[in-house]
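Peer 1: Sequence:
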Amino acid sequence: MDNELILAREALEGNGFNAFVFRGVDEAREALLKGIDLEESIAFGGSMTLYDMGLYEEFKKRGNDIYWHWKAEDRQGELKAARDADIYISSTNALTLDGKLVNMDGVGNRVSSMFYGHKRVYIIAGRNKLTKDLKEARERIDNIAAPKNAKRLDVDTPCKFTGECNDCDSPARICNVEVIIHKNTTGSDINIFLIDEDLGY
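The sequence shown: position 84 = 84 (my numbering), numbered continuously.
Some hints could be false.
[Unchecked claim] Capping the alpha-carbon separation at 27 Å, the derived lysine-lysine pairs in BS3-like fashion look like this:
hint: 1; residue 1: K71; residue 2: K148
hint: 2; residue 1: K80; residue 2: K60
hint: 3; residue 1: K60; residue 2: K119
hint: 4; residue 1: K135; residue 2: K61
hint: 5; residue 1: K132; residue 2: K119
hint: 6; residue 1: K160; residue 2: K132
hint: 7; residue 1: K34; residue 2: K135
hint: 8; residue 1: K71; residue 2: K183
hint: 9; residue 1: K132; residue 2: K61
hint: 10; residue 1: K160; residue 2: K71
hint: 11; residue 1: K71; residue 2: K34
hint: 12; residue 1: K60; residue 2: K71
hint: 13; residue 1: K71; residue 2: K61
hint: 14; residue 1: K80; residue 2: K135
hint: 15; residue 1: K135; residue 2: K119
hint: 16; residue 1: K135; residue 2: K160
hint: 17; residue 1: K71; residue 2: K119
hint: 18; residue 1: K34; residue 2: K60
hint: 19; residue 1: K148; residue 2: K135
hint: 20; residue 1: K135; residue 2: K151
hint: 21; residue 1: K160; residue 2: K119
hint: 22; residue 1: K183; residue 2: K34
hint: 23; residue 1: K183; residue 2: K132
hint: 24; residue 1: K160; residue 2: K148
hint: 25; residue 1: K61; residue 2: K34
[To be verified] Have a look at the derived ranges for each label pair, beta carbon to beta carbon:
hint: 26; residue 1: D154; residue 2: D198; range: 31 to 37 Å
hint: 27; residue 1: D86; residue 2: G54; range: 36 to 42 Å
hint: 28; residue 1: D52; residue 2: D154; range: 16 to 22 Å
hint: 29; residue 1: D167; residue 2: R23; range: 22 to 28 Å
Just so you know, the hints here were simulated from the structure itself, not pulled from any lab data.
Every residue gets a Cβ at the ideal spot worked out from N, C-alpha and C, and that includes glycine.
Make the full structure from the sequences, and use the hints.
Peer 2: Here it is as structure tokens:
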């Protein structure tokens, strides 16, 4: 087990989050399926981690009401429905060793749902998302997460071509909202699943 995952879990717990470490994707997926009831509705944030884990298909097959704009023809309708879901599942762009979640978003739906409006939240992060501090977290977003997502989305931003943030003024810019969750917010039930595998961007 990666020692940094243990350190991150302890720091997250110190910041008021529920934090868990899993050896692999299968173990984490099983914990999610056990922790979420069939009667609970689920919304997904845009995340390659969730996509690669096949969680949407697992919960859909089980029969949960589930909302994910990546899988919907009516993306705006799905985003609106997702706001009222019981459970929100997403990943994070970076997670510091002192237990902070650092995220950049284009619209803000993903980052706002990570801490407000849902009965329970699950944030899933592979070991590749761990960073030493806030500075390194931002560097990870600028040089890894944002350029890779720009390529995936095929947007007309400089980072798609340069592989690094240019703090652009492009209308297609995907880095408009930055959120740092320093500690669990009052009344929120935020659960962080740390997985000892490299996952997503």
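Peer 1: Please name the hints from earlier in the document that this structure breaks, with their numbers sorted from lowest to highest.
Peer 2: Those not satisfied are hints 4, 5, 7, 8, 9, 14, 15, 21, 26, 27, 29.
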